[in-house]
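Please construct the entire structure, taking both the sequences and the accompanying hints into account.
There are 2 protein chains.
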Amino acid sequence: MPITGKHLIAGEWTQANPPWFSSIDPRTKAAGAAVFADAGEAEVDRAVSAAAEAFAETRNYPAEKRAEFLETVAAEIEALGDELLQTCDAESGLGLPRLTGERGRTTGQLRAFAAHIREGSYVDAIIDTALPERQPAPRPDIRRMLIPIGPVAVFAPNNFPLAFSVAGGDSASAFAAGCPVIAKGHPSHPATSELVAQAIARAIEKCGFPRGFFSLVQGAGIEVGQMLVKHPKLAAVGFTGSLRGGRAIFDTAAARPTPIPVYGEMGSINPVVILPDALATRHDALVSAIAGSVTLGSGQFCTNPGLILLLDAPAAQAFVRDVAGAMQAQAPGILLNAGVETSLQQRVSHTLGKAAVMLVAGGEVAHSDGFCYANTVLQTSAAAFLADPDLQEEHFGPVTLFVMCESRAQMNAVIAALAGNLTATIHASDAELESASDLFDRLREISGRLILNGVPTGVEVVHAMQHGGPYPAASMPNSTSVGMTAIQRFLRPVAYQNMPDALLPDALKNGNPLGIWRIVDNVHTRDAIG
Amino acid sequence: MPITGKHLIAGEWTQANPPWFSSIDPRTKAAGAAVFADAGEAEVDRAVSAAAEAFAETRNYPAEKRAEFLETVAAEIEALGDELLQTCDAESGLGLPRLTGERGRTTGQLRAFAAHIREGSYVDAIIDTALPERQPAPRPDIRRMLIPIGPVAVFAPNNFPLAFSVAGGDSASAFAAGCPVIAKGHPSHPATSELVAQAIARAIEKCGFPRGFFSLVQGAGIEVGQMLVKHPKLAAVGFTGSLRGGRAIFDTAAARPTPIPVYGEMGSINPVVILPDALATRHDALVSAIAGSVTLGSGQFCTNPGLILLLDAPAAQAFVRDVAGAMQAQAPGILLNAGVETSLQQRVSHTLGKAAVMLVAGGEVAHSDGFCYANTVLQTSAAAFLADPDLQEEHFGPVTLFVMCESRAQMNAVIAALAGNLTATIHASDAELESASDLFDRLREISGRLILNGVPTGVEVVHAMQHGGPYPAASMPNSTSVGMTAIQRFLRPVAYQNMPDALLPDALKNGNPLGIWRIVDNVHTRDAIG
Chain A
1 MPITGKHLIA
11 GEWTQANPPW
21 FSSIDPRTKA
31 AGAAVFADAG
41 EAEVDRAVSA
51 AAEAFAETRN
61 YPAEKRAEFL
71 ETVAAEIEAL
81 GDELLQTCDA
91 ESGLGLPRLT
101 GERGRTTGQL
111 RAFAAHIREG
121 SYVDAIIDTA
131 LPERQPAPRP
141 DIRRMLIPIG
151 PVAVFAPNNF
161 PLAFSVAGGD
171 SASAFAAGCP
181 VIAKGHPSHP
191 ATSELVAQAI
201 ARAIEKCGFP
211 RGFFSLVQGA
221 GIEVGQMLVK
231 HPKLAAVGFT
241 GSLRGGRAIF
251 DTAAARPTPI
261 PVYGEMGSIN
271 PVVILPDALA
281 TRHDALVSAI
291 AGSVTLGSGQ
301 FCTNPGLILL
311 LDAPAAQAFV
321 RDVAGAMQAQ
331 APGILLNAGV
341 ETSLQQRVSH
351 TLGKAAVMLV
361 AGGEVAHSDG
371 FCYANTVLQT
381 SAAAFLADPD
391 LQEEHFGPVT
401 LFVMCESRAQ
411 MNAVIAALAG
421 NLTATIHASD
431 AELESASDLF
441 DRLREISGRL
451 ILNGVPTGVE
461 VVHAMQHGGP
471 YPAASMPNST
481 SVGMTAIQRF
491 LRPVAYQNMP
501 DALLPDALKN
511 GNPLGIWRIV
521 DNVHTRDAIG
Chain B
1 MPITGKHLIA
11 GEWTQANPPW
21 FSSIDPRTKA
31 AGAAVFADAG
41 EAEVDRAVSA
51 AAEAFAETRN
61 YPAEKRAEFL
71 ETVAAEIEAL
81 GDELLQTCDA
91 ESGLGLPRLT
101 GERGRTTGQL
111 RAFAAHIREG
121 SYVDAIIDTA
131 LPERQPAPRP
141 DIRRMLIPIG
151 PVAVFAPNNF
161 PLAFSVAGGD
171 SASAFAAGCP
181 VIAKGHPSHP
191 ATSELVAQAI
201 ARAIEKCGFP
211 RGFFSLVQGA
221 GIEVGQMLVK
231 HPKLAAVGFT
241 GSLRGGRAIF
251 DTAAARPTPI
261 PVYGEMGSIN
271 PVVILPDALA
281 TRHDALVSAI
291 AGSVTLGSGQ
301 FCTNPGLILL
311 LDAPAAQAFV
321 RDVAGAMQAQ
331 APGILLNAGV
341 ETSLQQRVSH
351 TLGKAAVMLV
361 AGGEVAHSDG
371 FCYANTVLQT
381 SAAAFLADPD
391 LQEEHFGPVT
401 LFVMCESRAQ
411 MNAVIAALAG
421 NLTATIHASD
431 AELESASDLF
441 DRLREISGRL
451 ILNGVPTGVE
461 VVHAMQHGGP
471 YPAASMPNST
481 SVGMTAIQRF
491 LRPVAYQNMP
501 DALLPDALKN
511 GNPLGIWRIV
521 DNVHTRDAIG
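These protein sequence lines are chains A and B, in that order. Counting from 1, one number per residue, gives the positions in the first sequence under the working numbering. Counting from 1, one number per residue, gives the positions in the second sequence under the working numbering.
Just so you know, these hints were derived from the structure itself, not from any lab. Incorrect hints may have been included.
A pair holds if it fits inside one copy or across any two, identical chains being indistinguishable in the list.
Heads up, simulated SDA-like pairs for lysine to any residue below, C-alpha to C-alpha not over 25 Å straight-line [stated by the list, open to error]:
no. : residue 1 : residue 2
1   : K230      : A255
2   : K509      : L433
3   : K230      : T252
4   : K509      : I147
5   : K233      : D438
6   : K233      : V414
7   : K206      : A255
Quick look at the structure:
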């Protein structure tokens with residue numbers, strides 16, 4: 001299929017108008033053949049209005065129909081074949097092995113949400129039956145379940161052009177809930193976005209969904225997103241990207257006449273604590289694990305370990321040198337785009353401008369035909385880190401900052417000073433587990449996922465995953481953007497009072513025709529009532 | 001116990017400083033003996049800082065310890081005896097029978113939350129065990145549960161001086177979660193707030209909780225609340241009150257360097273649709289039910305039915321007259337304070353200033369020694385209602401607005417135009433149930449609770465209750481302030497990756513020592529693992 005550069009507005013491919021932008025191959029800095037342009041107010045309005053109309057239908061679709069749609073989207077993405085991978089590779093420089101894996105994750109999570117809604121208990125049905133004899137007044141029958149919230153805008157990030165983009169986790173969970181999606185494509189991979197939108201459009205036709213269930217608006221500037229978030233018919237936002245971008249979206253949504261929830265996942269520095277005995281007994285494995293995790297995907301993961309806390313000692317200093325050596329022994333990877341390279345260069349220079357920060361390795365743009373930055377290791381003291389909250393800013397790329405602590409008390413102080421993070425990791429020997437327990441108790445307060453003897457990169461798409469955390473890791477501390485509970489972001493509860501069985505949704509009927517788990521008069525059960 | 005007028009800051013009763021305010025007996029307009037004053041920045045800072053310190057302890061308290069605390073608070077409130085009811089009656093004019101009931105609801109919900117956390121499944125434990133053989137890489141063990149969010153500010157409303165105030169539903173659910181509370185007392189019932197704070201303080205002593213677990217700051221102005229919401233150590237806000245007040249709190253919280261969630265319940269007009277056959281066959285019962293619900297508690301409920309939709313017909317017009325007659329036959333009740341009377345007078349005058357709105361009954365301040373407004377019935381056409389969103393503003397008091405619709409299509413248009421509401425009610429005969437089903441499908445999109453053949457007043461404290469709804473009924477569409485799921489507002493998920501049993505919280509240990517319901521490898525179970 002040729003790339004048209006058009007927007008997909010409720011089933012129609014709509015001519016874009018200049019000024020144009022193109023994707024840039026990050027390996028060669030050559031512009032792609034297709035040209036794209038920012039959607040205007042008319043496109044955004046038609047997309048959201050069509051989504052609201054589609055929602056009037058899809059909000060009552062049975063789970064089976066939605067599950068089939070999710071599976072069809074997955075199959076249509078697979079049917080794009082190598083063209084998708086090659087297009088995506090040319091736009092992202094992430095390489096075919098990684099993108100093949102990411103495609104599998106994308107289709108895997110679409111299918112996992114299909115299974116999740118087929119099972120059906122996610123609607124969290126709670127039933128309190130009537131007490132007609134209660135004094136002084138009878139208690140009515142009250143039944144509560146989760147229903148879809150309405151049209152959702154999805155903002156794609158640069159770093160997961162498939163798994164967090166147009167048909168990524170946010171879209172999959174919104175679709176699963178029954179919510180239409182208006183995707184704002186990331187300007188770093190517009191052709192990839194268009195191909196995936198084609199796949200979704202075909203699934204909509206095959207499954208007989210209303211065309212307004214999905215739209216793709218492209219855009220290189222911030223205006224498209226702002227128009228989208230301000231649209232009165234929008235109900236919620238899923239965002240993955242930078243803190244600056246996410247906060248701008250959050251602020252716009254909060255300032256609406258009718259505020260709407262913004263579920264923003266805005267990156268993180270993912271502190272890693274390595275305790276001395278673990279360091280002593282697993283030095284080589286840890287060097288390899290840390291160097292590998294920092295440089296994985298050129299460091300362009302929101303779970304990249306950007307902060308490593310050590311108790312200062314000769315062994316700890318040797319460890320820093322060895323991680324730096326291992327990272328320098330690897331050729332620096334390609335970065336996603338010019339913006340990532342420029343921001344990283346500025347951010348590292350800014351950090352290195354501080355007297356207390358030492359450059360151990362890297363620290364400069366790498367020689368390459370493409371966008372590329374040297375694998376970089378920085379080091380500072382806990383005292384300096386505590387004195388300068390600016391050192392908690394993310395360096396998005398293959399960069400990590402070692403913070404040398406003089407004591408456990410100082411390490412505790414550093415942890416207490418940390419802002420919210422997606423993850424926190426401890427490496428501990430068996431003898432250090434009790435000590436790790438105390439540290440985890442502290443780290444828990446500033447993070448969403450706690451990891452023992454592992455690396456934060458690699459986010460499993462499972463029911464129990466939590467990918468979020470206190471601000472600024474996420475804009476809503478009580479949500480996740482990965483894992484099956486991500487669907488909860490796009491649901492809201494509604495209660496039915498004294499409703500006869502015929503008027504109740506299936507999930508709440510006496511006979512439990514869906515066979516789901518419910519809480520009935522405070523008992524967890526799949527049994528029918530009566 | 002004498003009323004001191006002091007603030008309770010982490011166990012210390014702190015001298016207030018002028019300017020003073022007093023509570024006013026709404027029946028006589030006489031000032032109470034005690035004087036109170038607005039808390040200052042120092043009090044607010046000490047209260048929130050002490051709460052953050054207390055949280056470091058209480059966040060790891062077992063459910064049993066928290067449950068005992070909730071039950072002790074309930075017992076201590078009961079131990080206040082008649083003094084509490086009389087003080088509250090003198091401050092609110094709500095009458096002893098209502099306040100006796102409201103006290104029962106207050107202690108009942110404290111005990112219900114105790115039972116809820118003892119049962120323990122509210123932590124929503126989800127476990128995906130490791131797949132060590134998975135290719136290309138082993139899948140780690142991931143376990144997720146809900147943990148408390150941190151110090152919570154609770155803003156009490158005027159209209160539930162016990163059940164939604166200092167030890168009301170917001171405080172009970174925050175305490176149940178393990179979160180410290182800083183209550184901002186409502187200036188309409190400061191002595192009541194102080195008595196309840198005494199009860200909580202005694203429970204803290206008896207249960208050995210840290211004193212920072214609860215503070216009460218009094219205040220008549222908006223500054224105290226603003227300081228509280230801006231405090232960097234605050235984690236969340238529970239608010240019940242007016243849209244204007246709730247939105248101000250929401251805006252302040254959203255503008256923080258670190259935004260925090262505001263769970264605001266901000267009132268509602270609670271549309272009621274009465275279908276023709278129900279009207280024809282149950283005329284007298286409906287007159288009595290509607291008149292009773294509009295005037296209950298002098299109309300000062302957030303679930304007050306403030307909007308009644310009828311299909312225009314002679315029978316409908318007769319119904320309006322009969323409801324007006326029934327409401328005029330009742331003596332108008334006492335209002336909570338001068339502000340409620342003034343606002344109601346201004347709001348009704350404003351509405352009556354519209355050419356399309358007709359006064360059927362009432363519409364003026366009532367002759368009384370106290371604050372009092374005539375039971376009031378207004379009427380307009382659906383066309384006028386559709387043309388003027390201003391007619392959706394709440395008249396907080398014993399007032400309802402009938403909207404006469406020319407057709408079902410016009411009624412549907414009115415429903416489509418409605419902003420968010422806490423409830424929506426339909427009265428339908430058996431023959432009209434199918435038709436009601438379509439209306440409920442539309443009303444569901446703008447409300448949190450759907451009621452058939454009942455009245456919206458009377459909110460049951462049960463597991464399945466949903467007391468919230470789309471904005472402006474609530475600031476967060478996916479939460480409730482009544483019912484057991486209200487605890488979810490003050491929890492957030494955290495995941496543990498590859499953690500040995502000894503480092504896991506009890507809720508996630510293999511043996512399931514708490515005996516709670518969990519989802520283990522996608523199976524709902526109370527069984528141990530392995």
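These are the hints, each one checked on the structure:
1. Taking the shortest Cα distances, K230 and A255 sit within 25 Å of each other both inside one copy (9 Å) and across copies (17 Å).
2. Taking the closest pair of Cα atoms, K509 and L433 come within 25 Å of each other only across two copies (16 Å); inside a single copy the shortest separation is 49 Å, beyond that limit.
3. For the homomeric pair K230 and T252, the shortest alpha-carbon distances inside one copy (7 Å) and between copies (19 Å) are both at most 25 Å.
4. For the identical chains of this complex, K509 and I147 are intra-copy neighbours only, at 15 Å inside a copy versus 32 Å across copies, given an alpha-carbon limit of 25 Å.
5. Within a single copy, K233 and D438 get their C-alpha atoms only as close as 47 Å, which misses the 25 Å cut-off; across copies the closest is 21 Å, which meets it.
6. In the homo-oligomer, the alpha carbons of K233 and V414 lie at most 25 Å apart only across protomers (17 Å), although the nearest pairing inside one protomer, at 44 Å, exceeds that limit.
7. In this assembly of identical chains, K206 and A255 lie within 25 Å of each other by CA distance neither inside one copy nor across copies; the values are 39 Å within and 45 Å between.
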